[in-house]
Amino acid sequence: MSDETKPGLEFAGHEFARASLDACVKCTICETQCPVAAVTPLFSGPKFVGPQAERYRNGDSVDHSLDYCSSCGTCTLVCPQGVQIAELNSQARAVMKADHMPLRDRLIGQTTLMGTMMTPVAPIARAALHNKPIRTIMEKVVGVHRDAPMPPPQGQTFASWWAKRPKPATAATRGTLVFFHGCAGGYFEVETSKKSVEVLEHLGYEVIVPKQGCCGLAQQSNGLFEQASASVLKLCDDLRAAGKDLTIISSSGSCTGMLKHEAHEIMGVDDERLKDVGTRIRDIMEFLLDLHEAGELPTDFATIEMTVPYHAPCQLKSQGMGMPAVEVLGLIPGLTVVESGAVCCGIAGTYGLKKEKYEIAQAVGKPLFEMVKKTNPNLALCDTETCRWQIEQSSGVKTEHPIWMVHRAYGLS
Amino acid sequence: MSRVIVIGAGLSGLVAANRLAGKGVDVTLLTKGIGGLQLGQGSIDVLGYAPDRVTNPVLTLSAIASARPAHPYAAIGAEAVHTGIEYLKALLGDLLVGDAEANYQLPTAVGAIRPTCLVQPSMVAGNVTDGARFAIVGLRRLKDFHPKLVAENLSRTPLPDGGRLDARPVMVDVPARDGEVDSSGLTYARAFDDPAFRDRFAAALKPQLNEGETVGLPAVLGLKDRGAWKDLSEKLGHPVFEIPLPPPSVPGMRLNEALTALAKAAGVRVVNGTRAVSARVEDGVVKGVTMATAGAPREFTGEAFVLATGGFESGALAMDSYGSVTETLFGLPLQGLDDGPLVHGDYWSAEQPLFSVGVRVGKDMRVLDAAGAAVHPNLFAAGGIIGGSSRWAEKSGDGIALGSAVRAADSIVEELA
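Protein chains in written order, with the numbering used here: chain W, 39 to 451; chain P, 9 to 425.
Only chain W is shown next, with the shape it has when bound in the complex (with noise of 0.2 Å):
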């Protein structure tokens, strides 16, 4: 199939993911980390369908096992070679869905809409959403499984608190700083936005929130890149109108990946507008790490008896920065903060919704829903919104974002 047919695939990034294949040395490393083809024969691994098959595609592709690849990111993360697996996985699927691309996929990845839609109308959602026999004629219309989790609606989105909030106390002594809060943080975890300014406004920012749309990771990982492109775009207009060179903090671990690195290496969006919000984005717990060890945070933080599990997401390993949660809330006394050490909990993202992929997820998260079930079954800790949800639905332990654990130590709840 000629590239004619596939608008909005010919990426500057495919070239760039494609010259890194010359580094693979065929090591298998990436093989022995992968989470899905440790739980499916389906899938035939990273290494087959990437730096393996790739030689022998030109335009279409040879192994529609790809398709189970899931996009969580594990194999870039530990390749030794720098060879950008997930990438070229991501875009070769991409390629091969471009001409039959399923309604669902299409829908799924329209986060703005289903918070827009659900919020209104929060308890009808929220019922309908527990609601078996909707959640069948879902399945089997949309192909969104019946047991997968679902965000959880809210009455108020974070955007309407914000505006009707009184002004915060504290006053802003330190500067100012943006705040990005993601669709998932401004119709779904909406406490954890709220949370996020809250310990920005008490340790003296003034936070910025500007009106602000979807970064689009939800249509890239379906493969949507042109769609996918303009959002992340169009956020960067919204969140560079609300000041030059302000740093700009997300308590969305993924959607802050996607603004760093992601769009960039798998969708080839080369753009000016990207690159400045890239360099300037800072996730929360990587943020008050910073000011850590600049010796700038205070750390007057209360007692907190507890031990509790530690997620922590690939799209936020990827960053490479290692765990900042874990560091920042190792400074609260009393709290012991246990690492999962699992590799993924099997939502990435989307793909644990699908109900041809529900099993597979599930499989690739059951040893970190057992790890969080044993350490605490009252609370676990994660970054971000999907993989909470996935760990939550699954596991049945309340899941929160770290920030919440550092606005309790604060004495702010």
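Counterexamples of contact, computed for chain W against chain P with all Cβ distances above 10 Å:
id, residue
1, MET139
2, PRO189
3, ALA340
Here are some chain P residues the structure puts well away from chain W; computed CB gaps all over 12 Å:
id, residue
4, ALA73
5, ASP102
6, ALA133
7, ASP138
8, LEU157
9, LEU167
10, GLN216
11, THR334
12, GLN343
13, GLY344
14, LEU350
15, LYS371
16, ASP372
17, HIS384
Listed below are the simulated DSSO-like cross-link pairs for lysine-lysine, each with C-alpha atoms no more than 27 Å apart in a straight line:
id, chain 1, residue 1, chain 2, residue 2
18, W, LYS412, P, LYS232
19, P, LYS156, W, LYS64
20, W, LYS411, W, LYS393
21, W, LYS249, W, LYS272
22, P, LYS232, W, LYS404
23, W, LYS64, P, LYS232
24, W, LYS411, P, LYS272
25, P, LYS232, P, LYS97
In short, the hints are calculated from the structure, not lab data. Note that the Cβ used here is the ideal one computed from N, Cα and C, for glycine as well.
We have chain W already, so just place chain P on it with the hints.
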């Protein structure tokens, strides 16, 4: 911010980080991906050939140390290798056995016999002896292991001590998982973690074994369950041993996973994902190393730095098209560049001098210049980045990594105290 920054997560980086953390030092380990340890056989080579087959590695390395002043063992010394061996054995509990004074002689996946110093208990029964009777068992769906090749080569090879053994091939077909005809060694290892799979496997194999045979299997007998091989041996009623495969190497993964987990448990902060791309040096002192983190580069500052980045294979050394070789992070002075051409065209003859290129170190593992002075007072080296030997030919890489890692760690601890 940590007091010590270790760069590289192969054997030397992991051992240095563990040893430092074990002595109460705050350590950050920087790595691009998973280190090379899991690509090896999961045993520890101290010295295998010098150039003849070595039976007592520590004794022979002492001789090398006095005869060849540029060899890494001259700076490291037998004592540090001894310390490293004992340290690693203690750290890993029941995962490694052996003695610095004696090499095992173990069958390889092509039926050759390799000398190695520390081995996993699951390999011990393979130590070749005159008159031994081996059944070499292949798995029909595991393409990396050919029992006929192994058995025939072993049977026709005079053993290092002059004796002979008798080996015959056996093939069994027990699928690791349904619907898969071409399974990796790792997939089999995960299956062998399950006692029910071991039951099925033993039931299929046992009728094919003869009285008095020792069973040689590809090294896939469990990844997480360290007792899987023993359980299988009991189920079969025969001694069993593992023969390491090309990567993915399950015994290599066991070592890597154990050392990484121990480092994390000891409080080592592991930062994975991007390459260390530059270093900041002020007044000759190393102040920080920068990683190419997504979004913005991130500097890691410290008081002492351990360069455990490996050699050409990991990009720690690079040769350009003009044939000039550089150490890619600090631009350190290298030894081994002035003795004529680095690569000769005769593939089968003498060692290629290129593979002996690397940094020079003192007895405390500080990196030295050609005049023997420390390049930076707080920069230490460990493992493959140290020049002066052809590790692959000597089978000395693990011993060099271990000895230099403990020596570097101990020097730093002394320095910081």
